[in-house]
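Q: For reference, the chains in residue letters:
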Amino acid sequence: MNLQIMKMLRRLLRSDAELNRSRGKETQVHPALRMAAAFLFVILSAVSVNAIFTIAVLAGALLMTAMKKAREIPELLKAPAAASLLSLLITLPAVFLGSPATMLTVTMKVFTSVLILALLNNHLRWQEMTAAFGTLGMPQIFVFTLDMTMRFLVILGRYSNEILEAVSLRRIGKKTWKNAGTGGVLGSTYLHAVRAAEGTSEAQTCRCFRGEYKNYRKYRFGIRDAGMIALMALVTAFFIYTCVLAAKAS
Amino acid sequence: MIELQNVSYGYGGETALKDFSYSFEKGKCYVIQGPNGCGKSTLFRILNGLSFASRGKYLFDGEEITEKYLRDKQHAYDFHRRIGFAFQRSEIQLFCSTVEEEIAFGLWQLGLSEEEVHRRTEEYLRQLSLENVRYRMPVNLSGGEQKRCALASVLAMEPEVVILDEPESGLDEDGQEWVRKFLTELKSPERLLIVATHSKEFARDLADVRLYMNREHSLDHAEK
Amino acid sequence: MHIPENYLSPQTCAVMTAVMVPVWIMSVRKVSKELPKEKIPMLGVGAAFSFLGMMFNIPLPGGTTGHAVGGTLISLLIGPYASCIAVSVALLLQALIFGDGGILSFGANCFNMAFVLPFVGYAISSLIAKHVKSEKGRFIGAAVGSYAGINAAAFCAAVEFGIQPMLFRDSSGSALYCPYGLNISIPVMMLGHLTLFGIAEVVYTVAVYAFMRKAQPSMLADTGIKAKKKTSPAVKLFLAALIVATPLGLLAEGTAWGEWGADEIAATGIGYTPAGMLNGFEWKTLIPDYAVSGMPEWIGYILSAVIGVAVLVIVFKLIAGIVGKNGADEVYSR
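As given, the protein sequences belong to chains A, B and C, one line each in that order. Each residue of the first sequence is one higher than the last, beginning at 0 in numbering that gives the first Met the number 0. Each residue of the second sequence is one higher than the last, beginning at 0 in numbering that gives the first Met the number 0. Each residue of the third sequence is one higher than the last, beginning at 0 in numbering that gives the first Met the number 0.
Derived from the structure by calculation, the hints contain no laboratory data. One or more hints might be untrue.
Below are the SDA-like pairs computed for lysine to any residue, each with C-alpha atoms no more than 25 Å apart in a straight line [said to hold, decoys possible]:
#, chain 1, residue 1, chain 2, residue 2
1, B, 67, A, 143
2, B, 25, B, 10
3, B, 72, A, 143
4, C, 213, A, 66
5, B, 72, A, 201
6, C, 235, A, 28
Make a model of the complete structure from these sequences and hints.
A: Okay, structure coming up:
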């Protein structure tokens with residue numbers, strides 16, 4: 000039980016520490032740009048009429064995956080695999096109806112899209128993603144709310160984990176969701192959540208909060224950003240080319 | 000500078016603070032001690048304008064601080080600008096996504112220019128040895144780092160009054176040593192420091208005046 | 000040398016697969032026991048080299064083409080058992096995704112290219128290296144070993160082809176599967192492989208072997224150097240260069256002997272299409288023959304190369320994760 004909470008916390012903490020180390024390099028591509036690129040690729044490959052485009056995007060995504068550290072790959076592939084399996088099952092009737100290509104194409108598109116998103120998730124830290132949302136036009140208040148949610152997840156995760164440990168220590172015999180006094184744990188955690196929320200609001204008041212949220216870091220546009228934009232343009236051009244080809248063929 | 004006249008606070012039939020009267024002067028460091036539950040935290044909340052006295056008066060630089068008074072946005076803003084408060088549990092107080100944003104947060108709220116915000120943030124990152132964790136989420140830091148981060152975020156706003164609720168709690172020996180030294184250096188004729196602590200050494204080293212509270216939730220006596 | 004679908008009778012396929020099963024089991028056992036965990040992702044790189052090598056088609060005058068396999072190369076890099084696994088995985092990828100080599104004939108293809116080739120190649124090159132103890136000895140061993148390996152494999156393939164018309168005929172006497180008997184299959188296969196394709200294999204093997212010795216000697220099985228954590232950029236660049244160069248394999252027109260499609264075989268001289276091929280098993284692949292309809296062939300080729308290499312690297316990194324679970328987290332990197 001607390002294992003699941005621990006796993007989630009560990010993921011958060013690890014990505015936090017790792018990115019702290021690498022953050023010194025300002026040459027990284029702006030997270031908003033990465034995010035925009037990812038969404039672009041996903042949408043284009045989903046809409047693409049020509050299989051070649053999706054295959055090209057898939058090739059790129061697989062290449063990126065192949066370059067990740069060996070221990071990250073299983074985690075990276077879990078979501079795409081699950082999604083593709085689901086899609087395979089759903090589109091299976093297409094084989095019997097005489098159109099197996101449909102099943103392959105749909106599954107491939109699903110796999111590609113989810114893989115791209117998994118790669119994005121793997122690469123960006125939560126804060127970067129929410130900040131990217133902000134840059135892409137989301138009102139700052141939503142960004143802040145997302146960040147706060149994350150923060151509370153961490154705090155409450157820790158708190159409930161401690162309680163669960165205490166329960167485990169006191170309990171004799173097998174611990175299941177039923178007999179661990181889950182009601183009490185949840186209630187306790189909820190109270191803690193309420194108090195924490197109040198505390199945050201008070202802390203904000205004490206620091207003269209007036210309703211505005213601002214970003215400390217201003218990103219400078221670099222070569223890598225230009226490269227990313229160029230890539231996006233290239234991919235879009237390729238997409239248009241494949242559409243034209245398909246139109247000509249039909 | 001700060002004057003409390005017969006301040007009492009109670010809720011639901013329970014008294015948390017009884018008849019507290021005292022005058023705090025600028026330039027001094029006051030250490031408040033007392034058993035758990037004596038009302039220290041309630042006192043601080045009142046001082047910070049987070050709670051309001053059921054009876055009695057709270058005068059800040061001559062101005063009476065009441066709920067009605069603080070409802071005015073400008074009053075609230077001016078008031079909170081001049082008082083900095085570090086909670087006992089730092090975790091609650093830290094709500095930004097990185098340490099440097101945490102420090103910069105208050106500065107943005109003060110309406111300072113971008114250069115000033117950056118300058119002060121860098122300075123306090125340095126002063127409180129937070130440079131190597133500046134990109135991390137404050138919630139993920141160790142106890143000592145969180146404490147320093149909270150302190151930095153409050154001090155960067157350079158308030159006239161600094162109120163600290165048990166600054167040494169949750170820290171190891173080195174951490175406590177560090178806080179003690181830091182607070183000693185913080186004392187200045189322009190500043191009013193109010194610190195609550197359980198540590199006798201802290202009180203001894205820091206205090207110009209020591210205030211003792213008792214189990215009856217009132218001020219027992221003061222020592223110079 | 001890939002044997003396509005329906006060239007071998009199901010019985011032959013079953014026999015070949017049955018023979019391969021113990022080989023695979025033993026290879027897996029040996030590798031998980033002996034190969035240091037750090038080298039397992041290198042298996043992926045090795046498989047990638049083999050995969051790419053098989054995409055470079057070389058024309059033979061007369062209209063057929065062939066290609067190098069690289070099995071001996073891999074066994075020189077990480078041992079014959081590992082090579083068996085690597086080549087098998089590459090062949091599996093080719094069969095499933097690209098339709099190069101049949102599904103049913105997978106066992107036979109593995110037997111030829113993942114068993115006979117690497118082991119013969121390894122045995123001979125080790126023998127030579129033992130007797131000619133010098134740097135040169137290793138290279139001579141690599142050359143001779145790979146030559147012997149590919150020809151041994153070709154011979155086996157020829158035999159597998161050739162016995163079909165003898166054993167499997169329909170009532171009218173025409174062959175059900177491969178219609179060319181031993182008297183044709185052996186000379187034709189051997190001619191190609193003893194000459195051009197054998198040379199291609201030798202060149203590929205020696206060139207990459209020399210390159211690896213210089214760029215990342217830690218990858219080689221025979222040097223005692225401890226495996227480096229990352230694949231050197233030189234190797235990555237080399238792989239990239241190979242990927243980009245794969246369209247050259249398209250220049251060779253014509254189909255390899257024994258790899259004709261069901262529509263092509265009648266024209267090769269036999270005059271009819273064996274029934275087994277007309278009605279046989281068919282597997283729908285994603286990117287058949289490394290080409291995607293509507294696009295210039297070279298794009299499909301390069302994409303296939305990229306996908307093939309990426310998948311192989313991923314697969315072996317995953318395997319490394321499963322096999323090497325006891326290792327420290329940071330051990331294997333790119």
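Q: Run every hint past the structure and note whether it holds.
A: We went through each hint and held it up to the structure:
1. Between residue 67 of chain B and residue 143 of chain A, the direct Cα distance comes to roughly 29 Å. Violation of the 25 Å bound is thereby established for this hinted pair.
2. Under the criterion of a C-alpha separation no larger than 25 Å, the hint pairing residue 25 of chain B with residue 10 of chain B is inconsistent with the structure, at around 31 Å.
3. Restraint check: the Cα-Cα separation between residue 72 of chain B and residue 143 of chain A comes to about 22 Å, which is no more than 25 Å; the hinted pair holds.
4. With a CA separation close to 22 Å, the supplied pair residue 213 of chain C and residue 66 of chain A stays within the 25 Å bound.
5. The suggested pairing of residue 72 of chain B with residue 201 of chain A holds, with an alpha-carbon distance near 15 Å, which does not exceed 25 Å.
6. A hinted pair counts as satisfied when its Cα atoms are at most 25 Å apart, and residue 235 of chain C with residue 28 of chain A qualifies at roughly 23 Å.
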